[in-house]
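Chains as they are written, first to last, in the working numbering: chain A, 1 to 294; chain B, 1 to 431; chain C, 1 to 298.
Hints may be right or wrong, so weigh each one.
[Unchecked claim] Derived BS3-like pairs (lysine-lysine); straight-line CA-CA distance at most 30 angstroms:
id, chain 1, residue 1, chain 2, residue 2
1, A, K103, C, K291
2, C, K291, C, K213
3, B, K122, B, K301
4, B, K405, B, K43
5, C, K213, A, K103
[What the hints assert, rightly or not] Covered stretches of chain A, going by a simulated chain B footprint (3 or more residues, C-beta under 8 angstroms):
id, region
6, 20 to 30
7, 50 to 64
8, 98 to 108
9, 120 to 133
10, 149 to 162
11, 189 to 203
Worth flagging that the hints you see were computed from the coordinates, not collected in a lab. Quick caveat: nothing in here was measured; it's all calculated off a predicted structure. C-beta atoms are modelled at their ideal positions from N, C-alpha and C, and glycine is treated no differently.
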Amino acid sequence: MDTRPAFPARWFPLLLAAPQMLIVFLFFLWPAVKAIAWSFYLVRPFGNGSRFVGLDNYLRILTDDGFYASLRATLVFTAGSTLLAVTLALALAACLELDVRAKRLLRSIFIWPYAVAGVVVGIVLKVLINPVTGLLAFLNHLWPGLWAPHLAGQQAMLVLIAAFAWTQVPLNFILFSAALQRIPADLTGAAAIDGAGPWRRFMDIQLPMIAPALLLAGVLNVIEAFTHGFGLVDALTQGGPGRSTAILAYQIYSDGFIGLDLSGSSALSVILMLFIVALTVLQLRFFRQGAGRW
Amino acid sequence: MALLLVLAVPHAQSASFEFWSSHSGPMAQAVRQLCAGFNAAQKQHQVRCVTPGSYEQTMQKTIAAYRAAQQPALVEIYDVGTLDMMLSGAIVPVHQLMAAHGYHVDWQDYLPAIRSYYTDAKGQFDSLPFNVSTAVLYLNTSRLQQAGINTLPATWSELEQAARQLRAAGQTCPLVSDFNPWILLEQVSTIEGAPLADQDNGHRSLATHYLFDQGLHLRFMQQVQRWHQQHLLVEAAATRTGRHTLAFTTGECAMLLDSTSAWHAVARSGLPGLAVLPLPVHAGSARHNSVPGGASLWVMKGFDDQVYAAVAAFIAYLQQPQNQRLLVRQTGYLPVTRQVAAQIMDDAGHYPASVVAGIHSLDANAGQPGVGPRLGFFPQLRLAWTEQVQTALAGQQDMASALAKARRRGDALLQRFRLTYAPADSPAPQR
Amino acid sequence: MVERHPRMTALAYCILGLGVVLALGPLYLILCSASVSSQQWISQGMPLMPGTALPDNLREVAQRIDLWRYLFNSLLVAALVVTGKLLLSSVTAFAVTYFQPRCRGVILVLLFSALLLPLEVRIVPTYAAASDLFEPLRSLLQALGLSGQHAVPSISLINTYAGLSLPLVASATGTFLFLQFYRTIPPELVEAARIDGTGPWRFYVDILLPLSKTNFAALGSIVFINTWKDYMWPLVITSHDQMRTITLALASFLPVESGQMPQWNLLMAAALVAIVIPAVFVVAAQRWFVKGIVGTEK
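Pulled out of the complex, with its shape left as it was, chain A reads as follows (with noise of 0.2 angstroms):
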């Protein structure tokens, strides 16, 4: 990379690069310095007089339940949808290596939900899961109050966990179709020879060799319901009930933007960057793609 040829200009690849490093500077590095600096404050809505409280922010956030509340639904929602998000589109993306047909038309069938919003699937689930009008109102009829994802913090964590695990089936089984394609067909066929049936030469060839793949989308997996399972969540439950699905990112929103508590929302994001940032450090140490994180 050093004998590479290079233009000679100085000045030129600044004024190239300008336009993003502004972008970046001035509307992530800025407003993070920000944040990690009311996360220290107790900030006034209107300014006129900030007070300045050290950790303060920090040990109120750890001592509450609230909080670990929180986090307790952050790492449930994101753990349920990834385990389910990973094993359905496996599954789907082995059967689909098989002699079946129609492999076209079903590949475009699985990978169809990207298309839809997070805050879109949960617009209509919450048509559909009305414990009086839904789809799953007969079970009132059985046993009253037997279904109430509005009471029943469980039911409605469940409710989650499905929805955002269809959002990202497709990512992932466009990452296991590919990781699938890329083994060597001589592999599996010398193993076919040997006598080795489907599901063999899946558990010792497939499996272990789109080991990688599968990890990565776990990644990537987590991170996405860390950031964009807020949508989901403020269009079905809002956080409720009893604040069994407030995730983190659903908490950071509305301590800031309805409960105007600038610090304390600040020092929530400045929680969830750290975790961010390992799982981002993870990601890229050993992927070395972006991968869907456009």
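Fit chains B and C to the supplied structure of chain A, relying on the hints for placement.
Then chains B and C, alone, in the frame of chain A:
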């Protein structure tokens, strides 16, 4: 009248300004009408009426705008934002503005409940009460009669009895509510003179603590939980439409706890028999006034005198009795002055029934006006209350622990609020 | 495949069938709900069979809300963001690869840090930044004790197309993608250009751009879909109805005032409108889209 307005004010240059409000539906129409009316009535000043979004959105857009020195001259902020606005250092008190521009406003004529909610320690208004609502009980009288109930409930035990009879007569949803803390926590407590917090519900000082996990509110919520378990009280999410007002207007539920501003929907429902009453009290309790909800208008700093003259003229226009009556008639919001309230009561047939009930509710006076909450980070307290009550209703904890948890969180919020604004102390109303 | 395993294949078809039901089921339900009349909803609840009222419902939705405006906003913002991202990413990568500027390391580190900060973690201060664009300059002047702060204009991007698109236009992964790609360009091309006396900009426009077409298509299609789906940023940056995107408008379709009856059939019809364009795009542009996700190396 408008002519008198112009003559009363020393001639100033014309100016225009922005007025931000947050409504849709009939209220938005009424606001548009008022703005257009003001612009048409005189050629000197112009108001531009803008709707940035919901109450919360308008609040944070105002904050962002103020920080960027792009605030509107006049903005409508909801009731729970009152303390934040008072302490912001970003406003011009409205009584000061009107006095500075030569208007003589009879501030004492405002209803006592409204005065006690909005005035500062010296009894002066920082903001102009604009659209005021309160909580009332809507009743489907034909269903009540079918169930053999002939007297309308005035106490909670009578309401419970009515609900039982309705249920026995086959009504699956006797009473519906969206479990809104504004009604169940704030209104119910204030009507019976039980403060939510000490220091006069936060009016006297910022060093205040919540009290609602004991006493009246705890007993009331335990009662509510019992009603919920016995299916006398149904939550909105468990109805066909998912909305409490609609559950009532479609006839699914026979009784409704809601705001006076739900009148527009209720009136269009075509229900055969309709009654509106102030909220019930516990038997034997004296009835105090309820809490005025809604929003008030705030004048923002940072403009020159000409703009303020225009704003003052607009405010004077809004305060005119016929314009107050217009607002009331079209939207079901309540009048803010005694003069207009009396005019409406004299002509009650031409006004929504909810308004009459609302005026009764706001005017009840057991000697001392009931004091509404003036507390910091109140939206977050409401959220905390809702979270805990939901877990109690779902059977995961009892109501006492739920309220205790909400109180602890509320106290932490209050303390943080106080620290944020120290050394300022809360302005309190005049007795 | 070499041999036949009928049971495995049958199982595979079952799984795939389940996948089809899960993938298309919601779409089917939306279609059913969007094609019945309000009366049918009220009397029979959620429909499981499609009806005939879809055109009527769509017409009514278009009457109630400014559908065309929202679609236009979504398209415009998506186009702006795609163009902006493609341009900025490729140009920055070009600058870093072919010039060896001294602050190359700084640029890369700054870009990397941008990757670590998704919008959700900086939503409140980013909103503040967009409402007062030159605030950093003013703060800098203030911190340095210089006067002239008041001369700095206060520009707000709230409720503007710039506000909707500009903050989304910087892309670290896009830049890294092009960095990797430019590394695969044979150095002889650059040598030849220098010998010919071609300037760097000409090199970029005439040689690099055509070679990057595949990357543009791949990156562009993903960015298009993701921008269309974006909810949180449009939610905070717009308050005027006419600036809303279709995704955002759908969320606010249900009336806020408690008095109005929610018409689920209309809501579902509006949802259909919100998803038809990206859905068609995903299926039609599959090739590029998949390429963008999988990455163009290997």
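Results for each hint:
1. A:K103 x C:K291: Between K103 of chain A and K291 of chain C the Cα gap is close to 18 angstroms, so the pair holds against 30 angstroms.
2. C:K291 x C:K213: holds, 12 angstroms
3. B:K122 x B:K301: Given that 30 angstroms is the threshold and the Cα spacing comes to 21 angstroms, the pair holds.
4. B:K405 x B:K43: It is violated: about 57 angstroms lies between the C-alpha atoms, which goes past 30 angstroms.
5. C:K213 x A:K103: holds, 27 angstroms
6. 20 to 30: violated (count 0)
7. 50 to 64: Holds: 5 residues of the region 50 to 64 of chain A have a Cβ under 8 angstroms from chain B.
8. 98 to 108: violated (count 0)
9. 120 to 133: holds (count 4)
10. 149 to 162: holds (count 4)
11. 189 to 203: violated (count 0)
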